[in-house]
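J.: Chain by chain, the residues:
Protein chains: 10
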Amino acid sequence: MDLVQLIYASTVSEQFKESDLSVILGSAKQRNNAESVTGILCFNGKNFMQCLEGGRRQVNTIYANILADERHQDAELLTYGPIDKRSYSQWEMGLVPQEALTHSLNLLYTASGQFAPYEMSGASAEQYLRAMRTAIPLL
Amino acid sequence: MDLVQLIYASTVSEQFKESDLSVILGSAKQRNNAESVTGILCFNGKNFMQCLEGGRRQVNTIYANILADERHQDAELLTYGPIDKRSYSQWEMGLVPQEALTHSLNLLYTASGQFAPYEMSGASAEQYLRAMRTAIPLL
Amino acid sequence: MDLVQLIYASTVSEQFKESDLSVILGSAKQRNNAESVTGILCFNGKNFMQCLEGGRRQVNTIYANILADERHQDAELLTYGPIDKRSYSQWEMGLVPQEALTHSLNLLYTASGQFAPYEMSGASAEQYLRAMRTAIPLL
Amino acid sequence: MDLVQLIYASTVSEQFKESDLSVILGSAKQRNNAESVTGILCFNGKNFMQCLEGGRRQVNTIYANILADERHQDAELLTYGPIDKRSYSQWEMGLVPQEALTHSLNLLYTASGQFAPYEMSGASAEQYLRAMRTAIPLL
Amino acid sequence: MDLVQLIYASTVSEQFKESDLSVILGSAKQRNNAESVTGILCFNGKNFMQCLEGGRRQVNTIYANILADERHQDAELLTYGPIDKRSYSQWEMGLVPQEALTHSLNLLYTASGQFAPYEMSGASAEQYLRAMRTAIPLL
Amino acid sequence: MDLVQLIYASTVSEQFKESDLSVILGSAKQRNNAESVTGILCFNGKNFMQCLEGGRRQVNTIYANILADERHQDAELLTYGPIDKRSYSQWEMGLVPQEALTHSLNLLYTASGQFAPYEMSGASAEQYLRAMRTAIPLL
Amino acid sequence: MDLVQLIYASTVSEQFKESDLSVILGSAKQRNNAESVTGILCFNGKNFMQCLEGGRRQVNTIYANILADERHQDAELLTYGPIDKRSYSQWEMGLVPQEALTHSLNLLYTASGQFAPYEMSGASAEQYLRAMRTAIPLL
Amino acid sequence: MDLVQLIYASTVSEQFKESDLSVILGSAKQRNNAESVTGILCFNGKNFMQCLEGGRRQVNTIYANILADERHQDAELLTYGPIDKRSYSQWEMGLVPQEALTHSLNLLYTASGQFAPYEMSGASAEQYLRAMRTAIPLL
Amino acid sequence: MDLVQLIYASTVSEQFKESDLSVILGSAKQRNNAESVTGILCFNGKNFMQCLEGGRRQVNTIYANILADERHQDAELLTYGPIDKRSYSQWEMGLVPQEALTHSLNLLYTASGQFAPYEMSGASAEQYLRAMRTAIPLL
Amino acid sequence: MDLVQLIYASTVSEQFKESDLSVILGSAKQRNNAESVTGILCFNGKNFMQCLEGGRRQVNTIYANILADERHQDAELLTYGPIDKRSYSQWEMGLVPQEALTHSLNLLYTASGQFAPYEMSGASAEQYLRAMRTAIPLL
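Chains as they are written, first to last, in the UniProt record's numbering: chain A, 1 to 139; chain B, 1 to 139; chain C, 1 to 139; chain D, 1 to 139; chain E, 1 to 139; chain F, 1 to 139; chain G, 1 to 139; chain H, 1 to 139; chain I, 1 to 139; chain J, 1 to 139.
Treat the hints with care, as some may be off.
As the list claims (entries may be wrong) - Below 30 Å or equal to it, Euclidean Cα-Cα: the simulated DSBU-like pairs (lysine-lysine) are:
{"#": "1", "chain 1": "B", "residue 1": "K85", "chain 2": "C", "residue 2": "K85"}
{"#": "2", "chain 1": "J", "residue 1": "K17", "chain 2": "J", "residue 2": "K85"}
{"#": "3", "chain 1": "C", "residue 1": "K85", "chain 2": "J", "residue 2": "K85"}
{"#": "4", "chain 1": "C", "residue 1": "K85", "chain 2": "G", "residue 2": "K85"}
{"#": "5", "chain 1": "E", "residue 1": "K29", "chain 2": "I", "residue 2": "K85"}
{"#": "6", "chain 1": "D", "residue 1": "K17", "chain 2": "D", "residue 2": "K29"}
{"#": "7", "chain 1": "B", "residue 1": "K85", "chain 2": "D", "residue 2": "K85"}
{"#": "8", "chain 1": "E", "residue 1": "K29", "chain 2": "E", "residue 2": "K17"}
{"#": "9", "chain 1": "F", "residue 1": "K85", "chain 2": "H", "residue 2": "K46"}
{"#": "10", "chain 1": "D", "residue 1": "K46", "chain 2": "J", "residue 2": "K85"}
{"#": "11", "chain 1": "D", "residue 1": "K85", "chain 2": "A", "residue 2": "K46"}
{"#": "12", "chain 1": "A", "residue 1": "K46", "chain 2": "D", "residue 2": "K29"}
{"#": "13", "chain 1": "A", "residue 1": "K85", "chain 2": "A", "residue 2": "K17"}
{"#": "14", "chain 1": "J", "residue 1": "K29", "chain 2": "J", "residue 2": "K46"}
{"#": "15", "chain 1": "J", "residue 1": "K46", "chain 2": "J", "residue 2": "K17"}
{"#": "16", "chain 1": "J", "residue 1": "K85", "chain 2": "I", "residue 2": "K85"}
{"#": "17", "chain 1": "A", "residue 1": "K17", "chain 2": "A", "residue 2": "K29"}
{"#": "18", "chain 1": "D", "residue 1": "K85", "chain 2": "J", "residue 2": "K46"}
{"#": "19", "chain 1": "J", "residue 1": "K17", "chain 2": "J", "residue 2": "K29"}
{"#": "20", "chain 1": "H", "residue 1": "K17", "chain 2": "G", "residue 2": "K85"}
{"#": "21", "chain 1": "I", "residue 1": "K85", "chain 2": "J", "residue 2": "K46"}
{"#": "22", "chain 1": "F", "residue 1": "K46", "chain 2": "F", "residue 2": "K17"}
{"#": "23", "chain 1": "C", "residue 1": "K85", "chain 2": "C", "residue 2": "K17"}
{"#": "24", "chain 1": "B", "residue 1": "K17", "chain 2": "B", "residue 2": "K85"}
Unchecked claim - Quick list of the computed label-pair ranges, beta carbon to beta carbon:
{"#": "25", "chain 1": "A", "residue 1": "K46", "chain 2": "D", "residue 2": "S13", "range": "43 to 53 Å"}
{"#": "26", "chain 1": "J", "residue 1": "D20", "chain 2": "H", "residue 2": "D74", "range": "51 to 61 Å"}
{"#": "27", "chain 1": "E", "residue 1": "G45", "chain 2": "A", "residue 2": "Q15", "range": "40 to 50 Å"}
{"#": "28", "chain 1": "E", "residue 1": "G81", "chain 2": "I", "residue 2": "G26", "range": "39 to 49 Å"}
{"#": "29", "chain 1": "I", "residue 1": "P82", "chain 2": "D", "residue 2": "S27", "range": "55 to 65 Å"}
{"#": "30", "chain 1": "D", "residue 1": "K46", "chain 2": "A", "residue 2": "Q90", "range": "21 to 31 Å"}
{"#": "31", "chain 1": "H", "residue 1": "D74", "chain 2": "I", "residue 2": "Q114", "range": "32 to 42 Å"}
{"#": "32", "chain 1": "J", "residue 1": "A100", "chain 2": "B", "residue 2": "K85", "range": "37 to 47 Å"}
{"#": "33", "chain 1": "B", "residue 1": "S13", "chain 2": "C", "residue 2": "T11", "range": "39 to 49 Å"}
{"#": "34", "chain 1": "C", "residue 1": "D20", "chain 2": "B", "residue 2": "S13", "range": "36 to 46 Å"}
{"#": "35", "chain 1": "H", "residue 1": "G81", "chain 2": "J", "residue 2": "S19", "range": "49 to 59 Å"}
{"#": "36", "chain 1": "E", "residue 1": "T102", "chain 2": "A", "residue 2": "S13", "range": "31 to 41 Å"}
{"#": "37", "chain 1": "J", "residue 1": "Q98", "chain 2": "D", "residue 2": "N65", "range": "52 to 62 Å"}
Unchecked claim - Stretch by stretch, here's where chain H covers chain F in the computed footprint (C-beta under 8 Å, at least three residues):
{"#": "38", "segment": "20 to 28"}
{"#": "39", "segment": "101 to 113"}
What the hints contain is simulated information worked out from the structure, not anything from laboratory work.
Bear in mind the structure is a predicted one, so any value in this text is a computation, not a measurement.
C-beta atoms are modelled at their ideal positions from N, C-alpha and C, and glycine is treated no differently.
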């Protein structure tokens, strides 16, 4: 049962309400916990960039659920492939605080200087998320 | 707009009827034609293994539609990533004839000798599909 | 004096007239001949994709002239770098016939299946132009 | 939208006045800020060597403007290509103080020991500019 | 006489009794000492993951004995090959304390987050055992 | 379910009778057929060198059975690892005719010029068996 | 005694007379024959590009003599280094006929399209001379 | 028992008589046959260059005998190391006819154009001997 | 005159007396000093493992003398080849104290855990000797 | 204008007087300063080993002058090729004090343990000179 890592970008849909984020995060943590999937999530109020890592079947099951969730749309895979070791095993789903998505960090990896996950190559997305790990508060 | 290639495996659901294949293939060709996505499909009456290649956004849109299609389930990405050149540009969606999925060819790339896409590594899946290209009848 | 290769994409401006192509090509050949620059040009009535190769100074001088030409706009470098040997030395500026820019060839290297040079990565652009060499009529 | 890096050399024209530098720098910063382009500029009173990094379209638009600016001439690309991460994201356009262009630093990367950007290979230019980063005063 | 390293996974059989572990370990140490085989053993009450290193003949003789031992079953090689230098030469057979097989460490290298050696690729198994070295108490 | 390849050497035991070979081969073919394992076997009346390829679990189950078979002894793994594609998929267990194990072929890969599988490195064993493929009669 | 290869460019001096070429070539052949040095010479009436290969000491002795010859000047090494095998062992000093130095061949490797050895990188010079081998008449 | 290859150079001593060559060769063949060592020998009346390949112990035993043979002296190893497959398995000790050691072949790999094995690097010696294989008459 | 490194194993002969070691070492130092050969020697009362480094001719001359020395036998080359820089230039012939040849160090690089140089691959022997450097007392 | 590095060895001629060294060094510094060439010089009273680095034309001009200087002879190139960055830019021509050419340093890189530049491979010469940099007194 191969370990894989998947990073995707998506956009909130019209029916997304601000309060949905904590609901999404809560159920993501529950679901990930059940499936031993780990990861990290960036959200700026409009776009998501999320990394999922775990068993190939589990990560795909969760990605299918994510695609079916009507609160966001236009999901686009940035990178996907086998790994020997996880990068985000501390978090069922670590939420990067929105204030950590600073202009100066975005500028390092994107053309616009915005939090703009669709713009990113797979390689830039991986580096961006790794740089975000230190921004997640420890519980 | 990066070119990408995506290969996935899936399984027919209970509500799949034999006549659905040509319907699925027909609408896939239409949809792919509209989005300039090309690819190749293997099906043995139970499992699908499909390759999609085209623009990153388009391939992802189509993959989301595929995941939403209730005629199959348990979709699992085998490999995904950027390419410089397509491998299946001749086909809107080339159907590999079921009789081409022979035991001797399956044995080359799988443990069971069956058409068993979930068993395959990404590298084996790529090689398997390339070997299948000559089996598709030219129109 | 290093040999370099440069590939760019651009778009006709409003003031471009159909008859301008042969004028552009004629003066390009004259200018390239004077500077020992060689290359290849694709044009579909709307977009240009052109490769220039020669001395670093000469290629840059000509590229500056091209940028100043008001008959096209939005020039964008696809790739640039040193080479040991030219690829298009037979042509002062070889024009790929528009009918050679077929859907099936475009589909191999672009997401849209159109002649869409802005979409192309540097690597795809290099491969596309190499594939075009055989389409240029010998004089 | 790919991130790219572009380094070029150029020479002041006859109509360049000493006071132009701060004008050029001011408008470069404004323009770069608007386009989220970042970079670094060396100038010794006669030659410029400048690095631009950002989105492929934006960097090319700005380079076209630079080529059209009559205060300098003979622009020549030293290196150009895709990057995963910027190197000069702290500066809209960081000006290297002229006194930092020392003989001993120039000697490391050029044949003449002068500030002589046209002499440099792409690889030397990249290393030269990286070495210059520490010379730019923080605001 | 080539040095080799072998890592395998196995499962206790029905006839395995809790007290067997120390018996197994004791005789393993004796046997390994006699054959100058060294290694490391993880056991969670149900599954074993063991690394053996030493001469090619000796490691194979011991592995054959292990396969013949009815207290466990379903042995599966994870990785095997020549080495220039041993990794576990301090231990005739180092037992990793069961409490060191934590969820957080398992999660780093497996899909399930359990101690699940059959799930592991050879590369993950090697890294997992290396990470375990510090958990073995020195005598 | 990963595909693996395993090559081992062994020696007949005292209780081996000449007529055992066809019995062994017959049951190997049956067992391999049931487990979709394929391979090739060399035997000179005294030593065996055998390659097994198939699913990781199946190959290991069969190897455990082989180790338990008292008609041979001193089994020693020469090489083992994951593969993307089988090399011997035509044969449930292809028997290399003893007369094909010629001195001149043995000399290419061994120090003694005998059929001496224990002497071989993993790399030599793989090349030796590949060279033997053409010697197996087609049925 | 290491084998080396040396390629240099030079220019005729004012005192060079057309009849000197055959004199130079004749004495080069004699000297090379005595030192077992081999090579190839291109000359267009103004510039020389010559390759010498042989023992490190011998090639250096001959190069020193060449530098002392007042019939040419401005010698510049294009490339120099150890080789395992000579490339021009058929010729004591093979003269490439001047008519073989065609514009189309020069254009492949130089910025000017002229026979311009000083312009060439070491890599281009090596490729240019290799391409010239077929142009030398066999005796 | 690793396969190795050893190439050395040596020189006839004063007590060497012309008739010794066939004696040396005869006993070398006998000895090599007994030890399953194979190889190739070049001799020009003054210098030997010989390749021995076989088991590590056997090749070293024979090399020790060679060093003790007073008919030649100044033996010098050119290259030595493990191999997966022999290069000269057809010959107990293939003698390259002296007339095959031509000036033109020597010139390809030596500075002097002579048969001069002491001059050769290990890499040149290996290539030289491989080129000599076709010169040995088949019996 | 190429620098080479040679490592060999050997065994004391029947006529070896304990007092011979310091004699051997003394004459080795004298001889090495005269030939500018350096190295390191391990001896456990029964086997030698020695590294010689220096000019190709000198190292070979000394190795020939070593082979002719009747106080030891069965010399076997472990590794031999060109080097850019010596590893043991501090010692004319550094003697590793016998008590430094510990079981735990031997176990790292050999199958038997003994000081067993014949068992070692060339790569293991190089690493073993490097690890021994710190054990030699400085004078 | 490519940066290159050149290292050569030479020998004093009969007419060399001890006082010539400072004359040579003084004019070398002047000449190098004028041509922006930098480097390092070792001299033991008999042999020179010198590194020159700078523009390709300038380094070659100076090397030609050196060859014409009758105070030394037998100049032999050890290595030559393009560089991105100089290694000796602090010195117009840094003189390594003769007492820094110690036996122990020479032994590291040469067969004789002498200062013997002709013996050195290009790779050893580069490492030797780099090791010498710290021996040059700062002014």
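J.: Is the straight-line distance between the alpha-carbon of K29 (chain J) and that of K46 (chain J) 30 Å or less?
T.: holds (21 Å)
J.: Straight-line Cα separation of K85 (chain D) and K46 (chain A) no greater than 30 Å?
T.: Status holds; Cα separation ~23 Å.
J.: Starting from K17 (chain B), check that the Cα of K85 (chain B) is at most 30 Å away, please.
T.: violated (35 Å)
J.: Is 21 to 31 Å a correct range for the gap between the Cβ atoms of K46 (chain D) and Q90 (chain A)?
T.: violated (55 Å)
J.: Between K46 (chain F) and K17 (chain F), is the straight-line Cα distance small enough, at 30 Å or below?
T.: Within the cut-off at roughly 11 Å; holds.
J.: Is the straight-line distance between the alpha-carbon of K17 (chain J) and that of K85 (chain J) 30 Å or less?
T.: violated (35 Å)
J.: Straight-line Cα separation of K17 (chain A) and K29 (chain A) no greater than 30 Å?
T.: This hinted pair holds, its Cα atoms lying about 19 Å apart.
J.: Measure nothing beyond the straight line between the CA atoms of K46 (chain J) and K17 (chain J); if it is 30 Å or shorter, mark the hint as holding.
T.: Distance of about 11 Å is within 30 Å: holds.
J.: Determine whether the Cβ-Cβ distance between G81 (chain E) and G26 (chain I) falls within the hinted range of 39 to 49 Å.
T.: Holds - the Cβ-Cβ distance for G81 (chain E) and G26 (chain I), about 44 Å, lies within 39 to 49 Å.
J.: Taking the Cβ atom of G45 (chain E) and the Cβ atom of Q15 (chain A), is their distance within the range 40 to 50 Å?
T.: Because 49 Å falls inside the window, the suggested range holds.
J.: Within 30 Å, alpha carbon to alpha carbon, are K85 (chain F) and K46 (chain H)?
T.: Violated, at roughly 53 Å.
J.: Mind checking the hinted window 36 to 46 Å against the Cβ distance between D20 (chain C) and S13 (chain B)?
T.: Cβ of D20 (chain C) to Cβ of S13 (chain B): about 58 Å, so the range 36 to 46 Å is violated.
In summary, the structure is inconsistent with hints 2, 5, 9, 13, 18, 20, 23, 24, 26, 30, 32, 34, 38 from the numbered list given earlier, while agreeing with the others.
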